[in-house]
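Q: Line by line, the protein sequences are chains B and U. One rule links them: number in my numbering = place in the first sequence (from 1) + 36. One rule links them: number in my numbering = place in the second sequence (from 1) + 36.
The set of hints was computed from the structure by calculation and includes no laboratory data.
A pair holds if it fits inside one copy or across any two, identical chains being indistinguishable in the list.
Result set (EDC-like, lysine to aspartate or glutamate): computed pairs, CA atoms no more than 20 Å apart in a straight line: (1) Lys-140 / Glu-219; (2) Lys-54 / Glu-186; (3) Lys-140 / Asp-77; (4) Lys-380 / Asp-118; (5) Lys-157 / Glu-44; (6) Lys-79 / Glu-186; (7) Lys-140 / Asp-250; (8) Lys-54 / Glu-97; (9) Lys-214 / Glu-321.
Protein chains: 2
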Amino acid sequence: MATLTKNEIKITTCETSKINSIDFSNLAFGQVFSDHMLTCDFKDGKWQSPEIVPYGPLTLEPSAKIFHYGQSIFEGMKAYKDANDNVFLFRPMDNIKRLNISAKRLAIPELPEAYFMEGLKALLDLDKDWIPTAEGSSLYIRPFIFASGEGFHASPANAYKFIIATAPSGAYFSGKVKVLIEEKYSRSANGGVGFAKAGGNYAGQFYPTQLAKDKGYQQVIWTDDTSHEYIEEAGAMNVFVRINDTLLTSPVSDRILDGITRKSILELAEAEGIKTEVRKVKVSELVEAAKNGSLKEMFGAGTAAVISPISGFGFRGEDFEIPEQDNSFGLQLKERIVAIQTNKTEDPYGWRMKV
Amino acid sequence: MATLTKNEIKITTCETSKINSIDFSNLAFGQVFSDHMLTCDFKDGKWQSPEIVPYGPLTLEPSAKIFHYGQSIFEGMKAYKDANDNVFLFRPMDNIKRLNISAKRLAIPELPEAYFMEGLKALLDLDKDWIPTAEGSSLYIRPFIFASGEGFHASPANAYKFIIATAPSGAYFSGKVKVLIEEKYSRSANGGVGFAKAGGNYAGQFYPTQLAKDKGYQQVIWTDDTSHEYIEEAGAMNVFVRINDTLLTSPVSDRILDGITRKSILELAEAEGIKTEVRKVKVSELVEAAKNGSLKEMFGAGTAAVISPISGFGFRGEDFEIPEQDNSFGLQLKERIVAIQTNKTEDPYGWRMKV
Ligand SMILES: Cc1ncc(COP(=O)(O)O)c(C=O)c1O
Ligand SMILES: Cc1ncc(COP(=O)(O)O)c(C=O)c1O
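Bound-form chain B, shown alone:
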């Protein structure tokens, strides 16, 4: 695959920075965008050289396939700044690898890893002042690829756009969430695209999530689409359950995204002496555990929220509360992972990358 160094990337800077117009003490998630973005076009059978340009509108033909056939994939990552203004990423090579796994499944040409990594480094160099430092905040990074090629024929496009945009962001969720175990709607099929970060997976979640919200829940726990007997993900996060002192999470599959937070948590938990089990978790087991008091915790895990504690779940019209724990695994593991991400502690795993 093509190589490239950071210095080879053509940069066009914006005339005036928007940074002074942003209230960094009051950031929502992914609502304001940094001054620049990386863009890279696939055309004539290959990915062209990436460039950095001012963040701004895209122009597309109405027949661009993104509008018709949902050919799009994305990643989600974060950049952190420590007290000395050093900038860090967390396991970024896993994001580019997963982007290319998604690309293959969505019939999108794979991107040279160097275009992604060197492009991202150059972008962060330029926009490093946009990385917020307040606790819980970070620069959210959104790499994405979509079909820009034209035509109404339902077949892969011949042109694509890869973009990295960044957004200084506060916390994704505030506080604990109540979830609904979903038995009618599903997120993904066996042999489908659930393991890929494909745009279409998310649009399909909105309506069932809205129905859950109307009932007073904030998120949906997805179950397998065949039997609805097993819990699979929590909204757009992997899901963990603590029964007594064992932390359980479902194995990844073609329906479940191989989350970077999830696998980091599994490793950290082991190191912290927390027993983990990767196995399918039945809804009935969860209900049983909630009833007999052995269900101690439940949380979602993903880049945006890191760990998102769940205060209770609804199932078939009944609500089950999960009582507060003094020694919360979720809190403990979140502290560990955030400390590594933000360079507040040693990183024996080599996960943190200084850029």
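Once you have looked at the hints, place chain U with the ligands on chain B.
A: Relative to the frame of chain B, chain U with the ligands by itself:
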């Protein structure tokens, strides 16, 4: 819901028509576009008035949700012109109704029917010279809605664009196709969005279809994602099977699109004295019928190709040919439906709409 008449639609015409640059005797499918398009924005909580503007590029922010979360739906229809330059649509009310069924599932605000129908009529009035008349050709009509609202939060957008673009088109497929019965990849989940014309459904089909093409097939026959025992659709078409003199097709479900061609064929077949059965069709039944000679025909049915005959199928490494029939139901029904669509015969069903 909002009302509107054709004459209330604001029209901005293009300065010079492109029509003379188009070779109408040699049209591909959905590759060239007529002079104008209808556009309509959803913002501030409602669909604004539709307008007709010159067909041309759209401008969107990089954070528009269409690029990230696949929130998009579409329809496919055709306009035909008869010898007296009268213009006809085929069951267009079913398209607007289905568009709104898709909208609901994808958490997209439903569109007032009048905006669709009156907008389309006004557009066809203006661009009627773009409707080709050669046999097998038509003006392909592509209504679509996508999320233009901004933000990286995985939730429904607050702004959408509805567009109708049209493309003078030749036949979608040429000749018979060989199909592969797919047992690994799936198109849709139980409780998923397969019944909706959601963009993401199509992107997910591209890679498995490419694998089938690499093996010498042109299309995939999708099976249910749970057992892979039942045939469900043929690529982006409904699928029909003729065993002896009975025409079979699967019932629609939340995994299978409720095709307008499919239901028209079922009605026409009855009227032609062809026995039909709407029931699940097992792959094993198909293989058995192919072996004992009772499998007489197989075809896909959809707006783009109308009826697309299948010459044989592959299953688990074995190829099964379907011999040519003298009295082909597929051909007979295609003739009937096209005759109605193009005003060459009476339309006892009220399916044809003169615009
Ligand atoms: C469906 C889904 N599951 C899980 C995750 C968590 O993955 P990661 O920890 O890599 O962010 C994500 C992305 O955030 C996701 O979209
Ligand atoms: C998945 C799928 N199935 C079936 C059909 C056929 O539907 P219709 O006959 O309404 O065009 C389509 C659309 O053409 C489709 O996209």
